[in-house]
Every structure is written in structure tokens, then in C-alpha cells.
Amino acid sequence: MKEFKILAVIIALVGITYYGIEPYAHHVMHPEVAPADFSFKDLKNVDTSLKGNPDNGKVLVEANCIACHSIESAGYPKVMPNADAAASYGVVPPDLSGAGWIYDKNYLANFIYDPVSAMKLQHKYTPESGKQFPMPAYNWMSAQEIMDIVAYFQILAPKAKAGPEAHKNTFEAACGRCHSMKYAGFEATTPVENIKTYMGATPPDLSQYIKSRGEHYLYSFINDPQVLLPGTSMPRTGLNQKAQEEVIAYMEDIGDRKKAERETTGVWVMLYTLVFAIAALLWKRKLGDFSS
Amino acid sequence: MAEFKKADSMLEWFDQRLGVVNFAKVMMTEYWIPKNINFLWAMGVLLTVLFTFLLVSGIFLLMYYKPDVNLAFDSVNYTIMQEVSYGWLFRHIHAVGASVVFLIIYIHMFTGIYYGSYKKGREMIWVSGMLLFVLFSAEGFSGYMLPWGQMSYWAAYVITEIFGGIPFIGDELVVWIRGNFYVSDSTLTRFFMLHVLLIPLVIIGTIVFHFYALRFPHVNNEAGEFFDFEEEAEKYLAGNKKESKVVPFWPVFLSKDFLVLGFFMVFFFYLVFFHYGFAMDAINFDKADGLKTPAHIYPEWYFLWSYEVLRGFFFEIAGISGKDLGLIAFGIANVIFFLMPWLDRSPMVKPANQRPYFKYWFWFMMVDLIVLTVYGKLPPTGANAWVGFASSLTFLTLFATLPFITKAEAKKVKEK
Ligand code: HEM
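For the record, the sequence lines run as chains A and B. So the first sequence is numbered by my numbering: it starts at 1 and just counts up by one. So the second sequence is numbered by my numbering: it starts at 1 and just counts up by one.
The reader is advised that the hints may include incorrect statements.
Looking from chain B toward chain A, a few residues come up when the C-beta cut is under 7 Å (computed) [what the hints assert, rightly or not]:
hint: 1; residue: Asn-38
hint: 2; residue: Ser-255
hint: 3; residue: Val-266
hint: 4; residue: Phe-267
hint: 5; residue: Phe-269
hint: 6; residue: His-296
hint: 7; residue: Val-374
Just so you know, these hints were derived from the structure itself, not from any lab. In this text the structure is predicted, and so the values were computed from the model without any measurement. Beta carbons are placed, not taken as given, at the ideal position from N, Cα and C, and that holds for glycine.
Just chain A, same shape as in the assembly (with noise of 0.2 Å):
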């Protein structure tokens, strides 16, 4: 009995001191931010109830986008290699196979009529700044052609709809032009020199972002980057919900990989610890109990 208050003595004393130093701690240095919004409500230019017509919206994408962009899933290749397209336009647009897909819906029909907006980086291409977001904003558009746009968009079926081909793929179109996961061998499409001058900061290589900022920073943090890093030049990517657990998804297969060996292995080592352990507790009976 008395062994048992001692016990309960030192897990009370370092009950208070973990507590203290860990998830207290956490939260003084870490302090919660507004939840993620995937609806992207302060997006408001676009009326996006109005119903799409993807034949009109595919005739717009060819006369408007794939100047810039590839699309490789309806066959448009891309108009120049990565180092040429970098050098045009600071980085490399992305391919737009999953636009319809990864990108919430109201999101990318506010893209299209204001990129800067959108990605929340006013701070950045300020007047002043004299700096021009290399994508046009198609604010000349009617809703209705935007819709279009974003219609067709949507009926372009992805590669992969789920697991880590999907995830994969989500990862490269949303942040590979920007963004290596050098763990995985992906280098990002956007040279690191032109990126660097473009951004005004190198994006991180990611490969263990999932251990060093954690799930619970990145969901935040990708929905929307300002939160967290107010200030910063990675833009708002706009991905859905699903898109952003993919991405997520695709940094911890990467960056722990090891995730499920690891937990079938504990469960069995605990059972052959607690093993020895019932042995022991058995032995010392049979040797007569020598203390309480």
C-alpha cells in the first residue's frame, strides 16, 4: 500500500511538471487560430449559384489559359520547358489537370477574376511595389463566363481519385512549383534561383514539415498562410478540404514513413514487456515476498 502512495506521489509531481512544460507550454507558445474556412467567404466577386457550361468554358480556357498553362489530362502539353517558363514568368505555372478537383470551387472562380486577392498577397503587389502578378486578372469576364471556366475544369477526371497516387499528384499540382520534398526525390518545377528572387524567400524543401510544424499547424497553415505567418509571400492555395488532407496526407507518407511499422511493432513489444513483467511479478512471489 505504501509502495503504491509513493507511487502515486512521483506520477502526481511529474503529472505537473509535464503538463507544465509540454502541452501548456505549447499552447502559451502555439496560441489557437480561427479554424480553417474551406469556403472561402471572403472571396465575394464572383456569384458562383450560377450553373457553368463546360463547352463555352473549355473554348475559353484554350483562347485564355494554355498560353501558360498545360493541361496534360485534356491534352494540352506544355508551351516551353520549366526553366524557360520560370525565366518568362518568375515560376512555372502549374499544370491544371486537377484545377477542378483540388481547388474549391469558389476559390478558383475568384482566382481566375483576381489571382492577387485570392492568394491574399495585396501586401505584396501593392501600387508602390511596382511588382505585377504574372498571371492576368480576368476581371473582364462575366460570372457566367468564369463559371464556364471552372465547369469544365471539373468534368476533367483526375489520375488518381484516392490513396497515395492521389495524394501525390494534389501535392505536385498545388505546391511543386514552388516546393521540393527532396525525401521522396521530387524537385520543385521552379528552379530555386528564379524562385527565390520571385517569392523574396526560399520555399522550404518540405520532406519533414509534417514533424517539424505538425498536422495541426499545417491544416491551418495551408488554408490559409497569413494566419500564422502574417506578412509571408506564400500565397493562399485555395485547395478544398479533401485536397489539403491529400496534401497533408502525401507530406506524413513521405515524412514518416515509417508511421505503421512503428505502431504494429509497439503494440507487440508492449505485450512482450508486459510479459516479462507478470513473469517477474510471479518469480518474486515464489522467492517470498521479501518487502511490502
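Following the hints, complete the assembly by docking chain B with the ligand onto the known chain A.
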């Protein structure tokens, strides 16, 4: 050379050459341990086991680790964690083991303080134990640098910078420790050497010495009772096992230690597999970058209390700058526990709760250390800075008053 009979058994063969039978008696079956002890006396064996874990997992890590600023981060986080089979397991055992070993060291140390196991003949056990504490601290600190993450770099930067505060030689000393003007490749390589060679060697020697120091005074017991071990051992050997106050180390004492060890291991492996974040700080998964200071820099949890004593003095007092005061306090904090046997002036060897004054001192100290640890992690701004100051001051005051408190206690007990 003595003449050798032909041995009848393998045991005899070895006994003739190495005296194993006698050795086993002296070390195990006739090494006597008091009966009257609780599971806190198993901490020493837990520490021995944990140290073995650290050594073995460390050897495996060493086969793939690269002590070079350009390679270190990926050799740990990619090669070991992802390519080598079960490399991640060795790393997790090593990192979690390094953190948990301090938890057990602290429990072991405060058990010693609580039961007064550092005085009346046990001074050398205590001093060698404190040496182990200092050596483990150096081992922990040097090891933390090896993955070359952001916290590796910045903790190394901040801690080596501390030496710059030493008068006259400070600046040169920092450069000498780092091997460069800033934390760099030469710093990493020399800390690598310390971590895998020099400090472990000294630790092994000191553990042997710690065990040796236990032989003559014997371990203490729950009541702090002194008795004649030879006499009690004779009783035991004569068959009066019930009456005797001792049991042999093997198998009786160890059977209990194995029990404690068994349940401890379940907990330990739970941490290794499912709850390792406290031992592998997230920020350290960002590669070291000397141009990018992290928002919060803090050492591993087991250094937080002394780090807070360092930070606690943040303003000038009597013409001495806060930085210098902190440095002095930090210096004191790191050596003062060595002096426990001499600061405690009461000859009483009893559990703290049976000592009229010392019990207050003990629990005050525990609370203060917890406060220091918690505030050592929080940003030192606003009210936090003042809590840090007050608890640092309390820490020093507690030690300054210990001789007087215990002296008064001795007097009071004598009068009774
Ligand atoms: C990792 C390093 C250490 C190892 C492997 C170790 C091992 C041991 C072992 C096996 C014992 C005997 C059983 C027991 O009482 O637990 C012991 C006793 C003791 N150790 Fe340690 N120890 C270490 C560190 C320390 C430290 C840091 C201190 C405190 C300064 C310390 C102070 C003592 C004392 C005072 C005793 C005697 C306990 C008594 O008489 O009741 N040891 N140690």
C-alpha cells in the same frame, strides 16, 4: 604458477582460472541488501539498464551517422529514420532513453535526498552520483547537437555563449570550445567525439566507481537504520531468513527490481513508440540555419530548471549586470548539489517526513524546482520574468539556509 587439477565441469574449469564462484558470491549471492526498502531503490538498476539501452542503440546509430554539417541532418532523418531497417527504432530508443534517463536520475537523486542517503559514510556514493549527473548532462547536451536541426544549433549557440561571460578568458574560451568563431562544422565534429567516445568512457568508469562506493557503507533503507550487515548475513545464511534484516542481491533483491523494471519498460516503450514528441522536439526537424533564429529557444526539459536560474536575474543589482548575476547563479546551481552532505549539518539519517525542519526544506525545494522547470520553457516576458526571478532567488536562498535549518533541527532533536 599453481598446479591445476583436471576440471570436472565447465564451471570448475572457469573457476580454476577466473575464480568465478567466489566472484559470483561477492558480487551477487552474498552481496547483502536491506529488506526494508521500497521500489525507489530499484532506480539504480533502471538507470543501469537505460544506460545499456543508450549504449547499444547508440552503437547502431553510429554505423550510419555522418558528423558533417552538410550530411548530418539527412543521415539521421533520412538514412536512419527511413532507409535502414529499424533505424527509426534505434533512434527513438536513443532519444527517448536519453530523456527518460534524466527523469529516473532525478527520482534517484531526490530519493537519496529524501532518505538522507548522502551522509554518514555515504558521501562518496553521493559525490560519484553527482559526477554521473554532470557527465550525463554533458552527454545529453553534446548528443542533442548531432542531428544538426534548428534546436541543435541554437541551443549549442546559446549554451556555448554562456562561457563568454567568464571574466578575462570568456571570449577566447567560447572560440576554443566551438573551434571557430561561431557554431560550425568543427563544433559538430568535436561534440561528436565527446558524445561517442570521451564522455561515455568516463561515464562507464564513474558507474563502476559509484558501485564500488556502495560496497562499504551499503545502501540505506527506508528507516535510515544502521545495523551490522555481517551479523544479519549470518542469520540469513543460517536459515533465519525471516528474522534477518537483509536479503542477497541475487536472486531475491533482483526479483523485485525485475518487477519494477518490467512495468517501467511497458511505460518506456509506450513512450518510444507512441509518445516521443517530448524527447524529439519538433523544431529540430528543421535543418540548422544560422541566419534564422527560432521564435523560442529552450534546452531539453531536464536543463530547464538551471536554465531558468540563469535567466532569472534579468536586471542589474548593486552594479552587477543581470547577465553576470545569472551566470553566477547558474554556476552555483550546477555545483551546489555536490555539497549536500556538508550543507546538511544534522547527523540524522531519516526519511524527510520524520525530520522536523528538513521536511519543509525538501518539499519547498521540489515545488521550486518544478516552478523553475515550467517557467524555464515559457517566454521570459512580463510576469513570467518575475516568477523566474522569485523562484531563482528561492532556489539560492534554500541552499543558503540549509546549514542553519539542519543545525537547528539537530539541536531540537537532541533536546527532546
Ligand atoms: C546513470 C547514472 C547512475 C547509475 C547507473 C546509478 C546506479 C546506482 C545503483 C545501482 C545504486 C544502488 C541501488 C539503489 O539505491 O538504487 C545506486 C545508489 C545510489 N546512487 Fe546512484 N546511479 C546513478 C546516478 C546517481 C546520481 C545522479 C546520484 C545523485 C547525485 C546518485 C546517488 C546515489 C545514492 C545516494 C545512492 C545510495 C542510495 C542509498 O543508499 O539508499 N546516483 N546508484
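Each hint, compared with the structure:
Taking 7 Å as the C-beta cut-off, the interface hint given for B/Asn-38 holds, the closest approach to chain A being about 5 Å. A cut of 7 Å between beta carbons decides the hint on B/Ser-255: the least distance to chain A is about 4 Å, and the hint holds. For the restraint placing B/Val-266 at the interface with chain A, the shortest Cβ-Cβ distance is roughly 5 Å, inside the 7 Å limit, so the hint holds. The criterion of a C-beta within 7 Å of any C-beta in chain A is not met by B/Phe-267, whose closest approach is roughly 9 Å, and the hint is violated.
Taking 7 Å as the C-beta cut-off, the interface hint given for B/Phe-269 holds, the closest approach to chain A being about 5 Å. For B/His-296, the interface hint holds, since its Cβ comes within 7 Å of a Cβ in chain A; the closest pair sits about 5 Å apart. A hinted interface residue such as B/Val-374 counts as satisfied when its beta carbon comes closer than 7 Å to some beta carbon of chain A; here the least separation is about 3 Å, so the hint holds.
Of the hints listed earlier, the one the structure fails to meet is number 4.
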